[in-house]
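> Starting from the known structure of chain A, fit chain B onto it as the hints suggest.
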Amino acid sequence: MPHEERVWELTHLETSPCTLACPTRINARGYVSLVADGRFKEALALIRERNPFPGICGRICPRPCEAVCRRGDFDEPIAICALKRFVFDLEMKRGIDPAVPARIFRTEKVAVIGAGPAGLSAAHELAQLGYPVTIFEASQWPGGMMNLIPGYRLPQRVVRREIGTIIDEGITLVTGSVFGKDLTWRGLKRRGYQALLLATGAWKPVWGWGKTGMDGVVHALVFLTEAAERDRAAEVTEKAKRRKRSPVRRVVVAGDGMLALDAARTAVRSGYRSVKLLIGRSREAAPVGRSDLEAAIDEGVKVIFLARPIQLKRHGRKLVDVKCVKLQEGKPDAAGRRGIFEKEGSEFTVETDLFIDAFSRGVGIRRLRREIDLGLTPAGTVSVESETMAVNRGVFAAGDLVNGARSVVEAIASGQKAARGIHFYLSRDRTQSPFEDVLFSGVLQKEFALDRVPDSPVSQTRMPVEEARIRKKDFREVERGYMKTQAMLEAQRCLRCGTCAECAVCVDICDRKDIQLEVEDFALTVRADSGFWSRDPGTVVVEYGEEKAEARCVRTVCQVEPAYCIGCGRCEDICGYSAVRVESYPGGRFVARVHELACKGCGNCVAVCPTGAMNQRNFERQRLFEVLSKIEPSRTRVLFACRWARPEKGELPHHVLLIETMCSGRITPSLILEAVIRGSPGVMVCGCMGESCHYGFSRANSKKVVELSKNVLGLLGFDPALVSDSSCTPGNFHAAVRRWAGRKR
Amino acid sequence: MKTKDIVKEFHLDDCTRCHNECAEACPVYRFFGTWHPQNLAGLFLEKGGRGLGDHLLLWNCVTCRACTVACPFDVEFADFIRELRVGRTDYHPAHEGLIHQYQRTQASLPTAHGFKSSKTTPGLKSDKRIKKSHEFLAIARQDRLGWVDDALDINGSREIVLFTGCLPFFEIAFKESCGMSSLHTARAAVEVLNRLGVSPTLLEDERCCGRDMYDIGDRDTFRRLATHNIEELKRTRAKTVLTVCPECAYTIAHTYPGSFGELPFVVRHITEFVAENLDRLNFRMQEERLTFHDPCYLCRYLGVMEAPRNILEAISSRHPVEMERSREHAPCCGAGSWINYGGHTRAAVNERIVEAHRSGAEALVTACPKCNILFHEVNPDCSWKQSPIIVRDLMSMVASCLEGKGRKQP
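Top line first, the protein sequences correspond to chains A and B.
If you read the first sequence in the numbering used here, its first letter stands for residue 1, the second for the next number, and so on.
If you read the second sequence in the numbering used here, its first letter stands for residue 1, the second for the next number, and so on.
Calculated from the structure, these hints are not laboratory results.
Careful, some of the hints might be misleading.
Here's a subset of chain A near chain B, in silico, CB distances under 7 Å, partners left out [stated by the list, open to error]:
(1) Arg589
(2) Pro610
(3) Gly612
(4) Leu652
(5) Thr668
(6) Ile677
(7) Gly714
Straight-line Cα separation of at most 30 Å, DSSO-like style, residue types lysine-lysine; simulated pairs [said to hold, decoys possible]:
(8) Lys703(A) <-> Lys175(B)
(9) Lys211(A) <-> Lys313(A)
(10) Lys175(B) <-> Lys704(A)
(11) Lys484(A) <-> Lys703(A)
Ideal Cβ placement from N, Cα and C applies to all residues, glycine included.
The shape of chain A in the complex, shown without the other chains (with noise of 0.2 Å):
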């Protein structure tokens, strides 16, 4: 067999835009894909890969995905967010146990500071890498900043339970220790920790308008403390529940981020009459989530726009009213950035028993300074090296600390990150970043829109929520989650941007004990022991590389034989992914051409070619030919299915003759013709249901192909019968299987 350089590095050169703006590099579109295949196992499994919170994440992340979600280019993005929720809402609520305990086998301890995002992600990975971890929390609970965050927006319970999950792996945890206090890095070098991950965050209340020291002025994170206790109380006793009319009736709080927003509604939900929130910022502007920012004026919350305090005023000891004064908007610079100026005369008060400030918080470091020799950045956090998050030898450190008040996302990033720093650190192996600088490629490029969409804009699929009169009186989720068809719904609108969905489900599917297949950073490889050809329809062809030992994938795309090409159009038209197009070709003729980073495999346009130019690699209609050659006259049943409607499990019937494609688009008049000719009983040709078909588009087609398939037998003096078109989920397939072939013979 010729080894021609026919194959396809998936390399990572060829992602989605989501995957690449996923600070911990979820494979967002693997597992949109899997989630709109109704695989949700899978594909919860497949985020947690990257990131070991995706019930948490899945209801606080800011989105940066959605934000470059292609599909947002035409009507609305995909709910990324809201999916990694449901299918982690899913397993929690089936009670499912996800902790797999750690394999810990190296000896070298590590210490992480603070049970926060960043370290205990940080932990999670080291111990996934077999480090013994023990993490020591301030307080007496571990999450962090995670705790802060208000319960209608992040349920403790899930909270408690990510924790758990990651806990239960063999971490140690150890709480109501302080670092600088009843620690230091000497006494737990002599305890035997070989690396220290400080990762302590951001907890320091930065006061917008001066810490006063009056009564009634208190800062948020304090305030938000407070709330989380109750909450966490309130679960335990009735009496906690029953909460009192506060004596205080009015709250202004000012900031102009999720603290602000988050302080606001709690104040609401804390028996406050008047809430009233100064965003120093204009409604377009505000660093905060369009659907929150609603959700808090519905509840009641009076957002003023682009006003600050200038001035606490006070009677006595007690603040009585807050001086303010409205904003503006300066022009753009060049960068875009628009300056924000008080505005002459605009002076107002608001009279208030209560002000939270919400300005900012930092980190504290007066603890560590004491005997770690600390770097600063200009911001004021710990300065480490890049790559490694090392602040000295040994030292490390990641999260807030080091990035200042972000989001918990980006911590989880940060203290992977770390993660690996150490490791290379202990062990001296560097472990391939998923963070390097990736090449961008035609694929991302905005000329080559994907227009897989529908005639009409479909928007995202609208989040349940609570309603606000209901919602405000006390702290249970304001969102209530997508059900299963909202979701599966929501996931199909995916254009399923990039090549390799990475959902190795290849990596399922091959049942070849002799060759290996890993998909790692948007590659697929296979390590094979000899030369092979797999000719089996619906698995991975493998090609033998001439010196390596390793073979690379061959990817299943379309492709025009020139010579035979009459330019008719007519693969270009019935492309949902406008990954074929008619060009000039040399000689002054019109010829198809594929985009093969565009293709996606489905085989629609090979159906409808009148001249046969167009062929399916690994699907090949030789091939599909040849496996009809195996009929038995009279016995032999044949199945056309689609890879999607098929599970990978059971067994078909000894007498039924599968041919599988990845898409039923594939399926042309002559393939069923050929079926019945060489005197098969029964041909049935089996596609997802309409509207989970994987490609879109393609049910309607092979439905019409075989529509017409009757009409030729019927004209030939066949029973039309003979012929029979199923719609079936991975779920009902076999039952269809079975009650359209009859017993086993």
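Just chain B now, with coordinates in the frame of chain A:
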């Protein structure tokens, strides 16, 4: 056949290697610029059948016979190529071979007349197994006449049979993808015949005439189809067989006798019959300026060129026009035997449409189902910077122009 027999049969040594008359007429050469009938003949004379290898012309040839018409010595290149194809299966079928599958299946259906063959066609089982595998089809009968409604009068006169060929199949296969009706031609033919007082016999178990199978070298299937059709036609005791398709007309009239002996009936294309009886028909003139595209088998194989033109004259208020290449010089539409479509197919259709526009015609008229399909299927593309032309079928036009009828074009 042995090499020397082939040379003798097709008068290949009559080829004087003149100055490429055949090449100038050949539509494949016109596009590719390499290899033409003369080359093929020369190569064969030199090296015999084995020396041909993957010759371009072997399967790209559309057997239009333009080469023979142009040849000063009438060498039958097309027949020669047909002979070379016998026993070979390395062609590239259109539509994944659907049309051929249809024809081969028809050939394998149980027949009341039996067939004698010892060799099996590639891809189909031997006779014994056919019987077994089609047990459940023991009473299978083709459903060919569903399109005949009460308005049409058939099976009245025993004298005339209307052979509809593959039209019911084309209707199913091409209606949606090409946006046209093939059966409309058959319907129109019956209407016109009815108007002439003829109630033609339509056969229920008619099968493909076998033209494509003969041309691609599958003589076995051809034999099965032909022997069945001959018996069916004989059984009707008709004197005249009219066909809707020129290929059927030629095949039955000339290819069948060549293999199976004299036939007891006359075979003609429907246009011949209608042209003879024009004075018995009253028309409401149609007003489009028309031009006629001569189908290969009608003009070059059957030599019928005036009949369709007379018909067009009779039904048009404006004088029809001629394209640059017409009558026996009309180029093939490229359909061939439904194999090896490619750049030359596209070029043939596009060039013809340019000619039609240039002639000043508003509509192009064809008298062959394959031409009709090809002009719809291989639609013009932007490289030729032109608009498509309206394509009409001759018999449909005649039927819609009959006096006392609503004018309805398909």
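> What are the numbers of the hints the structure violates, in ascending order?
Structure breaks hint 4 only.
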